[in-house]
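Asker: Sequence:
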Amino acid sequence: MAESNQKITVLVTGASGLTGEIAFKKLKERSDKFVVRGLVRSEASKQRLGGGDEIFLGDVMDKKSLETAMQGIDALIILTSDVPKVVPGSYPGADGKRAEDVFGESFDFNGPMPEFYYEEGQFPEHIDWIGQKNQIDTAKSYHCTHK
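Heads up: the sequence shown begins at 9 in the working numbering, then just goes up one per residue.
The set of hints was computed from the structure by calculation and includes no laboratory data. Small disclaimer: the values here were computed from a predicted structure and weren't measured. Where hints are given, some of them may not hold.
DSSO-like cross-link-like pairs, simulated, lysine-lysine; straight-line CA separation at most 27 angstroms [as the list claims (entries may be wrong)]:
| id | residue 1 | residue 2 |
| --- | --- | --- |
| 1 | K54 | K34 |
| 2 | K33 | K148 |
| 3 | K105 | K33 |
| 4 | K33 | K72 |
| 5 | K36 | K54 |
| 6 | K41 | K54 |
| 7 | K41 | K148 |
| 8 | K148 | K36 |
| 9 | K141 | K93 |
| 10 | K141 | K71 |
| 11 | K15 | K36 |
| 12 | K105 | K148 |
| 13 | K36 | K72 |
| 14 | K71 | K36 |
| 15 | K105 | K15 |
| 16 | K93 | K33 |
| 17 | K148 | K54 |
| 18 | K93 | K105 |
| 19 | K36 | K141 |
| 20 | K93 | K15 |
| 21 | K71 | K54 |
| 22 | K148 | K15 |
| 23 | K148 | K71 |
| 24 | K141 | K34 |
| 25 | K148 | K72 |
| 26 | K34 | K15 |
| 27 | K54 | K15 |
| 28 | K41 | K15 |
| 29 | K93 | K54 |
| 30 | K54 | K105 |
| 31 | K33 | K15 |
| 32 | K71 | K93 |
| 33 | K141 | K54 |
| 34 | K54 | K72 |
| 35 | K54 | K33 |
| 36 | K72 | K141 |
Sequences are here, hints too, so could you generate the full structure?
Answerer: Right, here's the structure in full:
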């Protein structure tokens, strides 16, 4: 853990998601107290967050891909989550979109409901259980202490 006068190095996983992006940006605003890193799955997500060296590419299902981002962190904020997609043809204009992108202000909850699916390897069991265990185990192996 960082000394009381040192900045705390925090890794936000899922930094390109709805909550993850908010946490990542809020911590960056507190650069007097935190050194923030983000973990995302794609180069496009990395670029959307600014593309800096503090943003790492990785996949929570691949422990090896987490190692570089986790080296030297003091705290880990896990904001990864499975994200279902809309079944093509089940809702007008929503084919292939993520569920979170469909349910906006204009969504009619009294009308037809879209059907959803998960991409291979992206089921809740994978991301929310095995993926989170991988994150915790990897952070512990690098002596991340959450205090």
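Asker: Take the hints in turn and mark each one as holding or not.
Answerer: Against the structure, the hints come out as follows:
1. K54 <-> K34: holds (17 angstroms)
2. K33 <-> K148: Distance ~25 angstroms between K33 and K148 Cα, so the pair holds.
3. K105 <-> K33: holds (24 angstroms)
4. K33 <-> K72: Measuring from Cα to Cα gives roughly 26 angstroms; hence the hint holds.
5. K36 <-> K54: holds (15 angstroms)
6. K41 <-> K54: Holds, at roughly 23 angstroms.
7. K41 <-> K148: holds (22 angstroms)
8. K148 <-> K36: holds (24 angstroms)
9. K141 <-> K93: Holds. K141 to K93 sits at ~24 angstroms (cutoff 27 angstroms).
10. K141 <-> K71: holds (10 angstroms)
11. K15 <-> K36: Satisfied, since the Cα-Cα distance of roughly 12 angstroms is no more than 27 angstroms.
12. K105 <-> K148: With Cα atoms ~35 angstroms apart, K105 and K148 exceed 27 angstroms; violated.
13. K36 <-> K72: holds (26 angstroms)
14. K71 <-> K36: holds (25 angstroms)
15. K105 <-> K15: violated (39 angstroms)
16. K93 <-> K33: holds (26 angstroms)
17. K148 <-> K54: Distance of about 25 angstroms is within 27 angstroms: holds.
18. K93 <-> K105: Measuring from Cα to Cα gives roughly 5 angstroms; hence the hint holds.
19. K36 <-> K141: Since the Cα atoms of K36 and K141 sit roughly 26 angstroms apart, the hinted pair holds (cutoff 27 angstroms).
20. K93 <-> K15: violated (39 angstroms)
21. K71 <-> K54: holds (19 angstroms)
22. K148 <-> K15: Distance of about 20 angstroms is within 27 angstroms: holds.
23. K148 <-> K71: With Cα atoms ~12 angstroms apart, K148 and K71 stay inside 27 angstroms; holds.
24. K141 <-> K34: Judged against 27 angstroms, a Cα distance of about 25 angstroms means the pair holds.
25. K148 <-> K72: holds (14 angstroms)
26. K34 <-> K15: holds (15 angstroms)
27. K54 <-> K15: holds (23 angstroms)
28. K41 <-> K15: holds (5 angstroms)
29. K93 <-> K54: holds (21 angstroms)
30. K54 <-> K105: holds (19 angstroms)
31. K33 <-> K15: With Cα atoms ~16 angstroms apart, K33 and K15 stay inside 27 angstroms; holds.
32. K71 <-> K93: Answer holds: K71 to K93 is near 25 angstroms, not above 27 angstroms.
33. K141 <-> K54: The given pair, whose Cα atoms are some 23 angstroms apart, holds under the 27 angstroms limit.
34. K54 <-> K72: holds (19 angstroms)
35. K54 <-> K33: The hint holds at about 13 angstroms.
36. K72 <-> K141: holds (13 angstroms)
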